[in-house]
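Protein chains in written order, with this note's numbering: chain A, 1 to 355; chain B, 1 to 355.
Simulated from the structure, these hints should not be mistaken for laboratory data. Note that CB positions come from ideal geometry on N, CA and C, so glycine has one too. A hint or two may mislead.
[Unchecked claim] No farther apart than 30 angstroms at their CA atoms in a straight line, the calculated lysine-lysine pairs in the DSBU-like style are these:
1. 343/B / 20/A
2. 103/A / 30/B
3. 214/A / 96/B
4. 279/A / 183/B
5. 30/A / 42/B
6. 214/B / 103/A
7. 42/B / 214/A
8. 262/A / 183/B
9. 183/B / 96/A
10. 177/B / 183/A
11. 17/A / 42/B
12. 103/A / 177/B
13. 177/A / 103/B
14. 96/A / 214/B
15. 262/B / 42/A
16. 183/A / 103/B
17. 30/A / 214/B
18. 124/B / 214/A
19. 96/B / 183/A
20. 183/A / 262/B
[What the hints assert, rightly or not] Just a sample of chain B residues kept apart from chain A, beta carbon distances all over 12 angstroms, derived:
21. 9
22. 12
23. 24
24. 62
25. 112
26. 151
27. 322
[Said to hold, decoys possible] These stretches of chain A come out as covered by chain B in the derived footprint (C-beta under 8 angstroms, 3 or more residues):
28. 3-12
29. 164-173
30. 305-318
There are 2 protein chains.
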Amino acid sequence: METKTGNIIIEKIKESKITKVDFSNLPFGKVYSDHMLVCDYKDGAWQAPRIMPYGPVSLDPSAKIFHYGQSVFEGMKAYKDAEGRAWLFRPEENQKRLNISSKRISIPELPKEIFMEGLTTLLKLEKDWIPTTPGSSLYVRPFIFASGSGLHASPADQYKFFIVCAPSGPYFAGKIKVLIEEKYSRAANGGVGYAKAGGNYAGQFYPTQLAQDKGYQQVIWTDDNTHEYIEEAGAMNIFVRINDTLMTSPVSDRILDGVTRKSVIDIAKAEGIPVEIRKIRVEELISASKNGSLKEMFGAGTAAVISPVSGFGHRESDYSLPELENSYAALLKKRITDIQYNKAEDPFGWRFQVG
Amino acid sequence: METKTGNIIIEKIKESKITKVDFSNLPFGKVYSDHMLVCDYKDGAWQAPRIMPYGPVSLDPSAKIFHYGQSVFEGMKAYKDAEGRAWLFRPEENQKRLNISSKRISIPELPKEIFMEGLTTLLKLEKDWIPTTPGSSLYVRPFIFASGSGLHASPADQYKFFIVCAPSGPYFAGKIKVLIEEKYSRAANGGVGYAKAGGNYAGQFYPTQLAQDKGYQQVIWTDDNTHEYIEEAGAMNIFVRINDTLMTSPVSDRILDGVTRKSVIDIAKAEGIPVEIRKIRVEELISASKNGSLKEMFGAGTAAVISPVSGFGHRESDYSLPELENSYAALLKKRITDIQYNKAEDPFGWRFQVG
Ligand SMILES: Cc1ncc(COP(=O)(O)O)c(C=O)c1O
Ligand SMILES: Cc1ncc(COP(=O)(O)O)c(C=O)c1O
Numbered sequence: 001m002e003t004k005t006g007n008i009i010i011e012k013i014k015e016s017k018i019t020k021v022d023f024s025n026l027p028f029g030k031v032y033s034d035h036m037l038v039c040d041y042k043d044g045a046w047q048a049p050r051i052m053p054y055g056p057v058s059l060d061p062s063a064k065i066f067h068y069g070q071s072v073f074e075g076m077k078a079y080k081d082a083e084g085r086a087w088l089f090r091p092e093e094n095q096k097r098l099n100i101s102s103k104r105i106s107i108p109e110l111p112k113e114i115f116m117e118g119l120t121t122l123l124k125l126e127k128d129w130i131p132t133t134p135g136s137s138l139y140v141r142p143f144i145f146a147s148g149s150g151l152h153a154s155p156a157d158q159y160k161f162f163i164v165c166a167p168s169g170p171y172f173a174g175k176i177k178v179l180i181e182e183k184y185s186r187a188a189n190g191g192v193g194y195a196k197a198g199g200n201y202a203g204q205f206y207p208t209q210l211a212q213d214k215g216y217q218q219v220i221w222t223d224d225n226t227h228e229y230i231e232e233a234g235a236m237n238i239f240v241r242i243n244d245t246l247m248t249s250p251v252s253d254r255i256l257d258g259v260t261r262k263s264v265i266d267i268a269k270a271e272g273i274p275v276e277i278r279k280i281r282v283e284e285l286i287s288a289s290k291n292g293s294l295k296e297m298f299g300a301g302t303a304a305v306i307s308p309v310s311g312f313g314h315r316e317s318d319y320s321l322p323e324l325e326n327s328y329a330a331l332l333k334k335r336i337t338d339i340q341y342n343k344a345e346d347p348f349g350w351r352f353q354v355g
Numbered sequence: 001m002e003t004k005t006g007n008i009i010i011e012k013i014k015e016s017k018i019t020k021v022d023f024s025n026l027p028f029g030k031v032y033s034d035h036m037l038v039c040d041y042k043d044g045a046w047q048a049p050r051i052m053p054y055g056p057v058s059l060d061p062s063a064k065i066f067h068y069g070q071s072v073f074e075g076m077k078a079y080k081d082a083e084g085r086a087w088l089f090r091p092e093e094n095q096k097r098l099n100i101s102s103k104r105i106s107i108p109e110l111p112k113e114i115f116m117e118g119l120t121t122l123l124k125l126e127k128d129w130i131p132t133t134p135g136s137s138l139y140v141r142p143f144i145f146a147s148g149s150g151l152h153a154s155p156a157d158q159y160k161f162f163i164v165c166a167p168s169g170p171y172f173a174g175k176i177k178v179l180i181e182e183k184y185s186r187a188a189n190g191g192v193g194y195a196k197a198g199g200n201y202a203g204q205f206y207p208t209q210l211a212q213d214k215g216y217q218q219v220i221w222t223d224d225n226t227h228e229y230i231e232e233a234g235a236m237n238i239f240v241r242i243n244d245t246l247m248t249s250p251v252s253d254r255i256l257d258g259v260t261r262k263s264v265i266d267i268a269k270a271e272g273i274p275v276e277i278r279k280i281r282v283e284e285l286i287s288a289s290k291n292g293s294l295k296e297m298f299g300a301g302t303a304a305v306i307s308p309v310s311g312f313g314h315r316e317s318d319y320s321l322p323e324l325e326n327s328y329a330a331l332l333k334k335r336i337t338d339i340q341y342n343k344a345e346d347p348f349g350w351r352f353q354v355g
């Protein structure tokens, strides 16, 4: 049976799958909710979005997504508060960034209304799928890919925008050890590193696997030219604390402008923490580690929230980070998740109610 | 009805679409033949390949191809000679390169037998689809993508290998004008540029579109660090002739090791043409153009064969190339296509009969 909410046609699932899900033991991004949003681009325009049961998509084998990696995505989370209300965190930042990514990948920009109305309508419908177990949330994945076909290496004439939802537990289990990468690179100057473009991620799998084989969970990417400066991690921006100063690299055309990153910067400043946004040399980390001034390192991203780093590898050496009583990471994580889960005031106006 | 040839189950199309195709007026890569090869990777192994009618593939919306660009491909051509026999050109090079690409993108390597037997069995079946109009051929596209699902940024557990065929006319119509790119880049040091990975192509669309808007057909990529050296074009390696010496850049982790490129090098050497494989400075091209020693420039690739360049743009200036009576491009194109179409001896042993 179809109904219509605003501009969106909704076809509801016959029987919800929700009772089959173990909400106390959720993996990350492997269990999907009942419904998804789908919107097609064809004949030069984005068409009317619709919500339908989560299910397979049928594509021509010559669809350009299979050949030329023409895709972009976003990652967000929906949180439920103690009163059962559903919240997003700064969704308009994701909406803007999706279009920034799309432009670089020659994908037609998606109108803001389709993104925002699609997102809120879908989340209202999927509200029961937002877990309440601590550390869990509903991971929300908007994405666009080239569905138009052709073996000529040029942009497609048709695209599909989807939003799918996955009730998820933590991305990492516990603290992580990272490897500073000096051989492989994630992004080129003038490349697509600042875009959330599919191909940026596939290129990281192999070097990350090599690092995992050596006992690290993540790679810290450095600039592809000198490998002297740390840039970011797989799906996180990187913060470093030397003495009492919190530092992170400036964003560039190689580094994703993370929503968590900029929120952490604002919260830290509001907490009176000295913050420096500047290039960070690998050498600097190593000497700070040796002289004891390197207090903390953590990754910041929607999926991983704030993930403290317990140590890092560089060439053949390992450097470990101290266990702190009052870490910035713990404070900043509490502040940001308290806003996200509506457990505290939101002086920045970042919370966005969806239901 | 299903039959079996060697290890491959074949399900034939009920009625061929071939009579509906205008073979005298073929686009590039837009018309597909009757059958395709499909092979699945699951449970840690590549399964039995099968040939079936060309048609849609059904995928979970969380299949990793849509999110993380995990895909690789190859491009080959099948040619028909005057006696109606079908030929490929150095297919084992493509087989090897597919696995080189796969390794970098964390895709499990495909056994050589599946590739070669799949390819030859499919082409025997599709032989009537190989056009005989001059300049036409059957473009053959093997590709692999991540079909396993999950929103965690890590390699998939399932993949699909396909081969599809498209009877095709020339990739470019006539000579091309190219723009030497100084802002955007194609590949990073330590990146995936040497792999035929989907994401490398999507990243080129936007800068190529900007170049096309200025009247160029293609971008010539330069190194991402200094933009002082020319590297390659969208889907072609680049050759330059200064006085009587033919030059091309060495391959690296940023540049695709083209089959056409290495064949051109071998043919040129056999023809007694002096060949230099070395880095080529943009400045060198410009001064050679100014003093008249820059005689030719051409792209070399399977799709574009040998495509002469009529001129190049750099910053705000345009440089045009002379019209030569006896160009290397024309000679090398004749030599390579004569081998491909079985019109001449094949001293290198490159031709590979499929039917
Ligand atoms: C490469 C990369 N860096 C950083 C981030 C963090 O960005 P955000 O905080 O907006 O999630 C992400 C992912 O989400 C990412 O993919
Ligand atoms: C980036 C790139 N460079 C060069 C080439 C030429 O390689 P080949 O001669 O093997 O077709 C191709 C394509 O096929 C390519 O995609």
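A quick look at each hint next to the structure:
Taking the CA atoms of residue 343/B and residue 20/A, the gap is about 65 angstroms. The hint is violated against a cut of 30 angstroms. Taking the CA atoms of residue 103/A and residue 30/B, the gap is near 25 angstroms; set against the 30 angstroms cutoff, the hint holds. At roughly 28 angstroms between alpha-carbon atoms, residue 214/A and residue 96/B fall within 30 angstroms of each other, so this suggested pair holds. For the suggested pair residue 279/A and residue 183/B, the alpha carbons sit about 21 angstroms apart, so the restraint of at most 30 angstroms is met.
For the hint linking residue 30/A to residue 42/B, the alpha-carbon distance of about 17 angstroms falls within 30 angstroms, and the restraint holds. The hinted pair formed by residue 214/B and residue 103/A meets the criterion: a straight-line CA distance of about 18 angstroms does not exceed 30 angstroms. About 26 angstroms separates the Cα atoms of residue 42/B and residue 214/A, which keeps this hinted pair within 30 angstroms; it holds. A hinted pair counts as satisfied when its Cα atoms are at most 30 angstroms apart, and residue 262/A with residue 183/B qualifies at roughly 27 angstroms.
Between residue 183/B and residue 96/A the CA atoms are separated by roughly 23 angstroms; this keeps the pair inside 30 angstroms, and the hint holds. Between residue 177/B and residue 183/A the CA atoms are separated by roughly 35 angstroms; this puts the pair beyond 30 angstroms, and the hint is violated. Between residue 17/A and residue 42/B the alpha-carbon distance is near 25 angstroms, which keeps this suggested pair within the 30 angstroms criterion. With a C-alpha separation of about 24 angstroms, the suggested pairing of residue 103/A with residue 177/B holds against the 30 angstroms cut-off.
Restraint check: the Cα-Cα separation between residue 177/A and residue 103/B comes to about 24 angstroms, which is no more than 30 angstroms; the hinted pair holds. Taking the CA atoms of residue 96/A and residue 214/B, the gap is near 28 angstroms; set against the 30 angstroms cutoff, the hint holds. A C-alpha spacing of about 40 angstroms is found between residue 262/B and residue 42/A, which places the hinted pair above 30 angstroms, so the restraint is violated. Among the hinted pairs, residue 183/A with residue 103/B is consistent with the structure: their alpha-carbon atoms are about 16 angstroms apart, no more than 30 angstroms.
Straight-line distance between C-alpha atoms of residue 30/A and residue 214/B comes to about 46 angstroms, which puts the hinted pair past the 30 angstroms bound. For the hint pairing residue 124/B with residue 214/A, the CA-to-CA distance comes to about 47 angstroms; that exceeds 30 angstroms, so the pair is violated. The suggested pairing of residue 96/B with residue 183/A holds, with an alpha-carbon distance near 23 angstroms, which does not exceed 30 angstroms. Taking the CA atoms of residue 183/A and residue 262/B, the gap is about 27 angstroms. The hint holds against a cut of 30 angstroms.
Its beta-carbon lying about 18 angstroms from the closest one in chain A, residue 9/B satisfies the requirement of being farther than 12 angstroms from that chain. No beta-carbon of chain A comes within 12 angstroms of the beta-carbon of residue 12/B; the shortest separation is about 17 angstroms. Listed as outside the interface, residue 24/B is consistent with that label: its C-beta sits roughly 20 angstroms from the nearest C-beta of chain A, beyond the 12 angstroms cut-off. Annotated as non-interface, residue 62/B brings its C-beta within 12 angstroms of a C-beta of chain A; the closest such distance is 6 angstroms.
With a least beta-carbon separation of about 21 angstroms from chain A, residue 112/B lies farther than 12 angstroms from that chain, consistent with its non-interface assignment. Residue-level check failed: residue 151/B sits 3 angstroms from the nearest beta carbon of chain A, not beyond 12 angstroms. At roughly 29 angstroms, the least C-beta separation between residue 322/B and chain A is larger than 12 angstroms, which holds for a residue marked as non-interface. Judged by the Cβ-Cβ criterion of 8 angstroms, the region 3-12 of chain A is not covered by chain B as claimed, because only 0 of its residues qualify and three are needed.
Figure legend: the region 164-173 of chain A, annotated as covered by chain B; annotation consistent (4 residues with Cβ-Cβ distances under 8 angstroms, at least 3 required). Using a Cβ-Cβ cut-off of 8 angstroms, 0 residues of the region 305-318 of chain A lie near chain B, which falls short of the minimum of three, so the contact claim is violated.
Hints 1, 10, 15, 17, 18, 24, 26, 28 and 30, counting from the list given before, are not met by this structure.
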